Amino acid sequence: MTKRIALTGNEAMALVMKQINPDVVAAYPITPQTEIVQIFSQFVADGEIDTEFVTVESEHSAMSAVIGASAAGARAMTATSANGLALMWEVVYIAASCRLPIVMAVVNRALSGPINIHCDHSDAMGMRDSGWIQLFGENAQEAYDNALMAVRIAEHKDVMLPVAVNMDGFIISHAVENIEIVANEDVRDFVGEYNPERYLLDVQNPITVGPVDLQDFYFEHKRQQVEAMKKAKNVIQKIADEFVNLTGRKYSFFEEYYLDDAEIALVAMGSAAGTAKAAIDELREQGIKVGLLKLRVFRPFPAEEIVRALSHIKVVGVMDRAESFNTMGGPLFSDMRSAMYDGEANVRMINIIYGLGGRDITVTDIKNIIQKVKDVNNTGKIENLVIHYGVRE
Amino acid sequence: MATPAKKPGWRDIPIGGRIEEAGNAHKYHVGGWRIRRPVWVKENCIHCLFCWVFCPDSAVEVHDGKMHGFDYNHCKGCGICAQECPAKDKAIEMRPEDVENKFDN
Numbered sequence: 001m002t003k004r005i006a007l008t009g010n011e012a013m014a015l016v017m018k019q020i021n022p023d024v025v026a027a028y029p030i031t032p033q034t035e036i037v038q039i040f041s042q043f044v045a046d047g048e049i050d051t052e053f054v055t056v057e058s059e060h061s062a063m064s065a066v067i068g069a070s071a072a073g074a075r076a077m078t079a080t081s082a083n084g085l086a087l088m089w090e091v092v093y094i095a096a097s098c099r100l101p102i103v104m105a106v107v108n109r110a111l112s113g114p115i116n117i118h119c120d121h122s123d124a125m126g127m128r129d130s131g132w133i134q135l136f137g138e139n140a141q142e143a144y145d146n147a148l149m150a151v152r153i154a155e156h157k158d159v160m161l162p163v164a165v166n167m168d169g170f171i172i173s174h175a176v177e178n179i180e181i182v183a184n185e186d187v188r189d190f191v192g193e194y195n196p197e198r199y200l201l202d203v204q205n206p207i208t209v210g211p212v213d214l215q216d217f218y219f220e221h222k223r224q225q226v227e228a229m230k231k232a233k234n235v236i237q238k239i240a241d242e243f244v245n246l247t248g249r250k251y252s253f254f255e256e257y258y259l260d261d262a263e264i265a266l267v268a269m270g271s272a273a274g275t276a277k278a279a280i281d282e283l284r285e286q287g288i289k290v291g292l293l294k295l296r297v298f299r300p301f302p303a304e305e306i307v308r309a310l311s312h313i314k315v316v317g318v319m320d321r322a323e324s325f326n327t328m329g330g331p332l333f334s335d336m337r338s339a340m341y342d343g344e345a346n347v348r349m350i351n352i353i354y355g356l357g358g359r360d361i362t363v364t365d366i367k368n369i370i371q372k373v374k375d376v377n378n379t380g381k382i383e384n385l386v387i388h389y390g391v392r393e
Numbered sequence: 001m002a003t004p005a006k007k008p009g010w011r012d013i014p015i016g017g018r019i020e021e022a023g024n025a026h027k028y029h030v031g032g033w034r035i036r037r038p039v040w041v042k043e044n045c046i047h048c049l050f051c052w053v054f055c056p057d058s059a060v061e062v063h064d065g066k067m068h069g070f071d072y073n074h075c076k077g078c079g080i081c082a083q084e085c086p087a088k089d090k091a092i093e094m095r096p097e098d099v100e101n102k103f104d105n
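Sequence order for the protein chains is A and B. For the first sequence, UniProt numbering begins at 1 and goes up steadily by one. For the second sequence, UniProt numbering begins at 1 and goes up steadily by one.
With the rest of the complex left out, here is chain A:
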């Protein structure tokens, strides 16, 4: 049985965490994530679930606590945003390299400074190379669904990597949406029991976790992590296929929106993809052949599949909600261009950096952006490889 209820993104995330009923949740508040652990703490206080709720004194401690719990053999979750994620930074790497299947909600927010609490993807991009799987949702429904699937992806024996479930701060986290909830018993059946192969509290088979790993083995362990990322692609698809049976909602590495017959296209992650769809709907009515590739799985980066999906497109505008300051565009743009480089297709690309620090991106804005992509297609010339859209000159 499923039901529809109106929830904010944060409420949806807290609810899915309650339904998963993890063994341990570490909690530290930071805007715009605060509500998740706050609402979740109420569930624990009311005795609705038996999660060990660990209140810590910083995000560094929050990540350390879930690492300890996960190493001990528990199913562990936490949530964070922006500078909180940056403070977890050091231990975020350790979670991945110790192969601990932690699931963390990341409510995307700009990294300071100057201080800003609103949405962009600079926090997620900060953890980009840490070895975490990174999923992005377009709305609260997808954040909820991604969190459910994340538990299974992380704990799969071929993967054993932590997963970050990203949702845009405020735009998703604080906006109310009508979303479809999976019944408690179905969630329980879907995520199942977590039975790690080896764990610290298994006193019959003692192990050491996190030992020193010098020149003689460190490289081999990094290679293993790469392999787990490669295998994660199959696992992500397999679990999405199971999920469609449960909910009817279909997921893959990305969503293709009017891509089939498109001449030009946008690539976007997060809530801007929804805005882009609205813009594309309007432009399609005017006969403009534009499509969207909405990326859901950012790590592992599904390069092959993306190349296949975009091979027939003439000009692609890649939308980045973060700067990388390499002076050649944002992080998604770098990955996209790298993926397409060896492709046989002749796809041209421009980068649109937008929405930093929560700057609004409207349907009209996206239409303007699409016009810039169209201009490149018409003239055959790329005048600006990177456009900072919406910045005041």
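Note that these hints are calculated values from the structure, not bench results. Just so we're clear, the structure is a prediction, and the values are computed from it rather than from any experiment. Using N, Cα and C, we set each Cβ at its ideal position, and we do this for glycine too. Any given hint could turn out to be false.
Straight-line Cα separation of at most 25 Å, PhoX-like style, residue types lysine-lysine; simulated pairs [unchecked claim]:
(1) LYS102/B - LYS76/B
(2) LYS231/A - LYS250/A
(3) LYS7/B - LYS222/A
(4) LYS7/B - LYS76/B
(5) LYS230/A - LYS250/A
(6) LYS277/A - LYS374/A
(7) LYS222/A - LYS27/B
(8) LYS90/B - LYS42/B
(9) LYS222/A - LYS6/B
Label-pair distances were calculated between CB atoms; the ranges are [to be verified]:
(10) GLY248/A - HIS26/B: 32 to 42 Å
(11) VAL391/A - PRO14/B: 44 to 54 Å
(12) ASP50/A - ILE46/B: 36 to 46 Å
(13) GLU21/B - ASN234/A: 41 to 51 Å
Assemble the complex: chain A is given as a structure, and chain B must be docked to it using the hints.
What follows is chain B alone, placed relative to chain A:
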């Protein structure tokens, strides 16, 4: 010193660097790190076992309550034993390491 066997590749080692066998630190020989070697001066030794108590690497060999010398495979040469030795004439001397002779064998 014996040539170590070829180390296993990434497919053959436990994930995440975890050590799946308890107490295997004994197999890891750290004698090669040593630049100064503790030498037991038997005739000065009062068998107080301070060296054994303070050694951070369990590299002092004791049998039946008596000091018997050093396990050079596991002695890193930190010199704590010599520092703590209370005998009037020290029973442990730190001497420059002979590069060829770092391990037992």
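Consistency of the hints with the structure:
| no. | hint | in the structure |
| --- | --- | --- |
| 1 | LYS102/B - LYS76/B | holds, 10 Å |
| 2 | LYS231/A - LYS250/A | holds, 20 Å |
| 3 | LYS7/B - LYS222/A | holds, 16 Å |
| 4 | LYS7/B - LYS76/B | holds, 23 Å |
| 5 | LYS230/A - LYS250/A | holds, 22 Å |
| 6 | LYS277/A - LYS374/A | holds, 16 Å |
| 7 | LYS222/A - LYS27/B | holds, 24 Å |
| 8 | LYS90/B - LYS42/B | holds, 10 Å |
| 9 | LYS222/A - LYS6/B | holds, 19 Å |
| 10 | GLY248/A - HIS26/B: 32 to 42 Å | violated, 57 Å |
| 11 | VAL391/A - PRO14/B: 44 to 54 Å | holds, 50 Å |
| 12 | ASP50/A - ILE46/B: 36 to 46 Å | violated, 59 Å |
| 13 | GLU21/B - ASN234/A: 41 to 51 Å | violated, 31 Å |
In summary, the numbered hints that this structure violates are 10, 12, 13.
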